[in-house]
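*Asks:* Residue numbers (my numbering), protein chains in the order written: chain H, 798 to 1342; chain R, 798 to 1342.
Don't read these hints as lab results, they were simulated from the structure.
One or more of the hints may lead you astray.
The list treats identical chains as interchangeable, and a pair is accepted whether it falls inside one copy or across any two copies.
20 angstroms max Cα-Cα, derived EDC-like pairs, lysine to aspartate or glutamate [to be verified]:
| id | residue 1 | residue 2 |
| --- | --- | --- |
| 1 | K1327 | D822 |
| 2 | K860 | D1290 |
| 3 | K1183 | E1117 |
| 4 | K885 | D1073 |
| 5 | K1230 | E1117 |
| 6 | K947 | E999 |
| 7 | K947 | D1018 |
| 8 | K860 | D1289 |
| 9 | K1065 | E1217 |
| 10 | K1230 | E1109 |
| 11 | K947 | E848 |
| 12 | K995 | E1054 |
| 13 | K1327 | E821 |
| 14 | K998 | E900 |
There are 2 protein chains.
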Amino acid sequence: MKIVIVGAVAGGASAAARARRLSEDAEIVLFERGHDPSFANCGLPYYIGGEIAERQKLLVAPKELLQQRFRLDVRTRTEVVSIDRENKTVTARDLETGVTSTESYDKLILSPGAKPFVPPVPGADLPGVYTLRDLQDADRLLDVVTKGAKHAVIVGGGFIGLEMAENLINRSIATTLLELGDQIMPPLDKEMTQPILKKLKEKGVKIRLCDTKEAIEKTDDGLKVTLTSGEHEIADFVLLSVGVRPENTLAIEAGLEVGPRGGIKVNKQMQTSDPDIYAVGDAVETYEFITNNPTQVPLAGPANRQGRLAAEHIFGRSGEYRGTQGTAIVGLFGMSAAMTGLSEKAARRFEVAYEKVYIHPAHHAGYFPGAQGMTLKLLFSPEDGKILGAQGVGGGGVDKRIDVIAMAIQAGMTVYDLEEAELSYAPQFGSAKDPVNMLGFVASGVLRNDQPIVHADQLDKEPWTDALLVDVRTPAEFESGHIEGAINIPVDDLRNRIDEIPVDRTVIAYCKVGMRGYLATRILLQNNRKAYNLSGGYTTWELMQ
Amino acid sequence: MKIVIVGAVAGGASAAARARRLSEDAEIVLFERGHDPSFANCGLPYYIGGEIAERQKLLVAPKELLQQRFRLDVRTRTEVVSIDRENKTVTARDLETGVTSTESYDKLILSPGAKPFVPPVPGADLPGVYTLRDLQDADRLLDVVTKGAKHAVIVGGGFIGLEMAENLINRSIATTLLELGDQIMPPLDKEMTQPILKKLKEKGVKIRLCDTKEAIEKTDDGLKVTLTSGEHEIADFVLLSVGVRPENTLAIEAGLEVGPRGGIKVNKQMQTSDPDIYAVGDAVETYEFITNNPTQVPLAGPANRQGRLAAEHIFGRSGEYRGTQGTAIVGLFGMSAAMTGLSEKAARRFEVAYEKVYIHPAHHAGYFPGAQGMTLKLLFSPEDGKILGAQGVGGGGVDKRIDVIAMAIQAGMTVYDLEEAELSYAPQFGSAKDPVNMLGFVASGVLRNDQPIVHADQLDKEPWTDALLVDVRTPAEFESGHIEGAINIPVDDLRNRIDEIPVDRTVIAYCKVGMRGYLATRILLQNNRKAYNLSGGYTTWELMQ
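Using the sequences provided together with the hints, build the complete structure.
*Replies:* This is how it looks when you write it as C-alpha cells:
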C-alpha cells in the first residue's frame, strides 16, 4: 500500500501518523508546500504578540520526528501540481529547485488547507499588506511589530483578526479593526459578541463595524486605507483576515467534485468523487452535525478527526464522520467567547424551528471570591427539547459549559437532560446548580409552559407592542436604568400589589437576569394574568440594544 | 395542599422554592433545626480559612428572602421530633423555648441531612474537639483558628478534612491529618490521589496514613491524641471529619424503611415507604447511576435535584431520579481532583467488568505558556466500550474533562463517542486533540486490539512476571529512572533494533505517558512480537508505587 498525502498540517499529519500506526509496511509520502509540517497554526498570533516566545514550540511535529518516528517520506517545500487519476500518480514540484517528479499512489489524501482570502481592492498587493497563514507569514509580522510599527489596521473581525488585535495591543501598537458586517465574530449571534466588543474597546482597539477598506495606497505617512464610509485610516501595516478559501485548484483540475463554496465534496468516509482520493481538513465541504446540511468549517479538531478517519478507511475500517458541530472558542484579554452547534442565524438560514433562552450565571459559586459572570444562550427544538446549539461569553468557565453542551449535542440530548446533569461542584469550580443545569431548568420551564417567555428583540414587534412591562427589580435597580415604559413592582411586593396588574393585558415581567422575572411570571400566571418572562432579563435586553 | 418540609438546606430549600413556583396556593412550612436555612455548606472551610471573609455571603437564601419572596413559613431553630403518619401530623419543638406544636401535612418532605460521625473513642467529647456541619460550627472553629491556635489534628482524609487542612495551613497552623485508610480521598482510586498527597506534604501538611486516633486526652500542652500506631500528636484542637451518617432517627421512629447503611429508602420519585412522605438529600439511600445499586452519596447537586423532583411529583409531574453518578471535585492548593461514575474499587465491589486506561495530557496546548499537567483515568466496559467512570487529578482543566465525561455517562455514551467529541479549542483552553479525545483514542485502541495494554499493578502478577520490559524513552530519560529489569530501546531506534526483541517472549513497551509506548507496541505487533503497552507509562507506574 502506497499512500500519498498532500499537505502535512493538522489533517494530513494526523492521517499520516494514523496510517503508520495501522501499517508498518505502507509506503507513506507526505508532500508539504510550506517549510514546516504540522506546525501550531492556532499559536501564530501569540508568537507575533510575544506570548509564545520560542518559535521552536510551534513546530509540533518537526520533519525529523515524522521521518524517524513514523518513517514518513516527508517532502517540504514541494508542491503537488497535478493528479493523474487514471494512472494514479501525482506530479510534484520542488519549490527550491523547480524540479518536478512523479509519484504513484494507491490512495491519495488531499489535505491542502485553506488560504487567506485577499479581497480584490486596489493596493491589496502593496508591501506592508499581510495575511497570516503559516510560520513564514508570522515571522514577517513579528519582524514588523518588533521593529517600530506603531499603527496597524486589521481587516476582518473573525477569531484570527481579534486574536491579532489583542496581540498587537499587547505590543503597544495602536490597532484599528475593520469589519464589513455589523458584528465581530461572525459565527456567533450578534448580541453574544457585545461583551467582547466592549472589552476590546476598553483595551484600546478602535473598531469600525459596517465599514471596510475600499483601497489601500502608499503615502509618506504609511499605508492609507480608504474606507467604504469615505473616511480613512493610516497604518504602518495592514493585516487582511477576512476569511479563508479552500485550496481546491488541484482537486478541481483533477475533475473532483467541489461544492458551491469551493469545498471539495466528500462522503462520510472522507472519500472524494474518486474513491481512491480522500480529502480532509479546511479544504473540504462536510456536514453540519444537526441538520446534515453541507458546511465548510476550518477548524483543527475536525481536520484531525477527518485525517484519522481517512487513514482508517484506507485500511478497511468502518468509521464514519459524524459531521461538524462547529465547536469553537476564542480567548481575548482574559475573556472568552465560545459556541457549539447551530447559532440562531444558522438555525434561521437552515430553517430549523428553534426556541432560545439566555442566562447570566457566575462561573462558580457566588459566595466564593473571584466569581466571574458569563452569558449563555441555548437553542433547542420547541417540539422535543433537543439541543440545537449553545453560545457563551464571559470570563472563566465558558469553555467548560460549551464543551459539556457539545457532548450533549453529540449524544442527541435534550434540555431535560441538562436539568439532570450531574457536574462537579466545589465552590472554586461551579455551583450546586451549575450553569448547565440552569439552562436546562429555564429551557424545560419554557417547554413545559411553566414559564412563557418573550425575547428582547420581539418587544417592538406585534403582538408585544401593547404589553405592559413590569420591572420586578428593586427601586434602586429600576432607577439605575430600565426599559422605557416599564412600571416597577419588586417581585417581593408583587403578591400584595397584584391588583395593579390588569387582567386583560399581556404582561411582561423582567428582572436583571431572568430569575426574579421567572418567579414573577409564576405569580402572575397563577393570578390569571397573561404573563411572560423576558428571557435573560435586562442584561440580555441591554446586549440587544 | 399543605406541604411540610423538614430541613431547609439544599434539598429542602430547593423543594420549597420549586413547590412555590408550582403553586401559589400551597401552604408550605419549612422546619429547620439550625439557625440558618439554605447556607453554603461547601463554603465553610474557606470561611474558617479566611478566603471567604464575609459571613453574610454564606447565607445563600436568608430566612427573610424565603419568607418574602417565596412566601414560605420558615421556622428555624425548630426541630421536628415525631411524625404521626396516621393523622398526617408532625410534632415540632422550638429549640429556644422548648415549646412543642403540631403541624398537619398533606405531603411531608424529609431533608434532614447527615451528621458528622463522632467515633466512639475516649475524649471525643472533650472541649477542643470539633466537627464541622453548620455555620455555628464554623464560627466556633473560626474563633479557635484566629485566637492563637498553633497546632491542629484533623481526623479523616476525605474532601472536607483536606479542604480544612488547606485552610488551616493558610492560617499558618501546623496541621496533622490522620487517615485510617491507606489513601486520602476515599472515593477515588489510590493512585489518583498521589499527586494531591504530594502537594499537601509540600505545603506542610503532616499526613499519617493507616493511622488514626485511639484516644484524646487533655494535657497541659493541649490535646494529646494517641494513635493506633502507639505514637501521639499534640494539638490545640482536633477536627473530626471521618464521614457522615444520615439523620434517620425521625424516619425510623415513624416506621419508614431505611437501608443497611441507614439511608432512608426512596423510590425514583423520592417517595419513602409512605407515599405521602418524601425524603431527599444526604439522608436518603438512592441509586448508583451505572449499576442501579443502592448508594448514599452526600452531595449538594443530587440533593437539589431530588428536592426539585419531590416537589414536582407532589404536583403531579412525572419526573424520575436517574440515580447518582457521584460526580465530585475538590480543589487544594491550586490543584484539583475529581471523579464521576464508578471508581475502580466501586467497579470491583459491584462486580462490574471493566477495562481502564490512563493518560497524562496537558490542560491546554503545550506550545502555549502555562500548560499544566493532569492525569486522567477512564473506566469502560470491555464488551461495548460504554463509559463507566472517570477520575482526574492535576492543575487547571480537570473539572472540565470530568464534567464532559459526566455528561457522556449520563447519555450512555461509549469510548468511541469520546474519539468523536468536538470540543472547543484555542491554545488557552485545550488542544486540537483534547484530553477527552485522547481518552477515547486510547480506550478505543485497546478495545479494537490495536493496542493491547497491561497495567502497572499487574507487572508483578502472572502471566506478566516473565515479560520483557522495553523502555522506549531516550537514554537520558531511562537513566533518570526506570522500571527494574527494563532494557532501553528508544522508539525511534526500535525498527532498526527489532532483532533485539525476542519473538517468543511477551514484551511490554513503556514510555513516559504511553504515547511512544503505543507506537512501539504497534511496531512490535506488526513485527510478530507479543507486545503490550504499559498504560499511562512510567508516570502511572510511579503513581502506583
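*Asks:* Which of the numbered hints are not met once you compare them with the structure shown?
*Replies:* 12, 14
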